[in-house]
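Q: Sequences and hints are given; from them, build the entire structure.
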Amino acid sequence: MNQIVLTGMVLSTAPVGEYDRRVVILTKEQGKISAFARGARRPNSPLVGAVNPFSFGEFTMYEGRSSHTIQSVKITNYFSELREDMIGAYYGFYFLEFANYYTKEQNDEREMLKLLYQTMKALTSPHIPNLLIRRIFELKAFCINGEGPQVFQCVRCQKKDGQMVFSAREGGLVCTDCARNISDGISLDNSTLYTMQYIEISTIEKLYTFTVSREVLEKLSGIMERYCLLYVEKRFKSLEILETLV
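The working numbering puts the first residue of the sequence shown at 50, with every later residue one more than the last.
Keep in mind that the hints were calculated from the coordinates and are not lab data.
In this text, a Cβ means the ideal position worked out from N, Cα and C, and glycines have one as well.
Do not take every clue at face value.
What the hints assert, rightly or not - Pairs of lysine-lysine residues, derived as DSSO-like cross-links and limited to a Cα-Cα distance of at most 30 angstroms, are as follows:
(1) K153 with K77
(2) K153 with K163
(3) K283 with K255
Said to hold, decoys possible - Here are the in silico distance ranges between beta carbons for each label pair:
(4) S121 with L278: 39 to 45 angstroms
(5) P92 with K170: 28 to 34 angstroms
(6) R218 with E112: 40 to 46 angstroms
A: Rendered as structure tokens:
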């Protein structure tokens with residue numbers, strides 16, 4: 050077995066046998082991986098608090114043919130603030146589930162890992178609403194995965210100026226000339242459109258540095274709700290719980 054050190058965040062954990070855990074980690078080096086944490090459920094195990102969801106750090110492990118085995122962990126951020134905020138925690142669990150759904154093994158997932166880390170940091174800050182964090186995360190995650198909507202020109206004729214509507218089925222903006230047969234068009238004000246454009250082109254480090262009006266957040270939420278319903282073929286358990294809380 051080869052010993053390797055991977056940097057990443059724990060997405061999920063599940064009990065295996067009497068004392069072990071199976072851990073899913075999104076890593077910078079190998080994308081999403083599964084690893085066993087032997088004895089992690091024993092009270093005196095050095096891994097007992099290190100393989101929980103949200104934990105971010107360096108994982109030293111043995112790499113076998115079909116699985117990894119965690120040897121030691123150096124956690125740099127537990128995001129422990131989320132354990133004291135039930136609603137914030139379930140937003141966080143939703144983001145972890147979303148990332149788990151979209152990411153793959155042996156794939157370059159550095160941008161998604163960076164997005165997750167910055168999103169968790171934003172959740173621990175009181176300066177930006179959780180709902181806005183959710184919509185920013187969803188839109189940026191779609192973009193990272195190559196499924197982001199076209200928000201700079203008409204998807205049909207490539208026209209860039211004039212009045213536009215947003216169609217989730219068409220995958221983005223549709224100008225009024227092309228929108229005659231569009232049944233799901235949502236009218237867009239300039240502020241909402243600019244917000245979506247900013248999210249798509251912004252670096253991840255600058256994503257959570259702004260707020261919007263209630264009207265823009267409502268419009269953005271309506272757009273992303275419709276977009277997620279069409280393009281995410283999974284219902285997340287954490288989201289179902291979150292929607293009963295807020």
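Q: A separate judgement is required for each hint: does it hold in the structure or not?
A: Hints, one by one, checked against the model:
For the hint linking K153 to K77, the alpha-carbon distance of about 12 angstroms falls within 30 angstroms, and the restraint holds. For the hint linking K153 to K163, the alpha-carbon distance of about 15 angstroms falls within 30 angstroms, and the restraint holds. For the hint pairing K283 with K255, the CA-to-CA distance comes to about 29 angstroms; that is within 30 angstroms, so the pair holds. Between S121 and L278, the C-beta spacing of about 42 angstroms keeps the proposed range 39 to 45 angstroms intact.
Separation of P92 from K170 is about 30 angstroms and conforms to the stated range, judged on CB atoms against 28 to 34 angstroms. The supplied range of 40 to 46 angstroms is met by R218 and E112, whose beta-carbon atoms lie about 44 angstroms from each other.
Violated hints for the displayed structure: none, as all numbered hints are satisfied.
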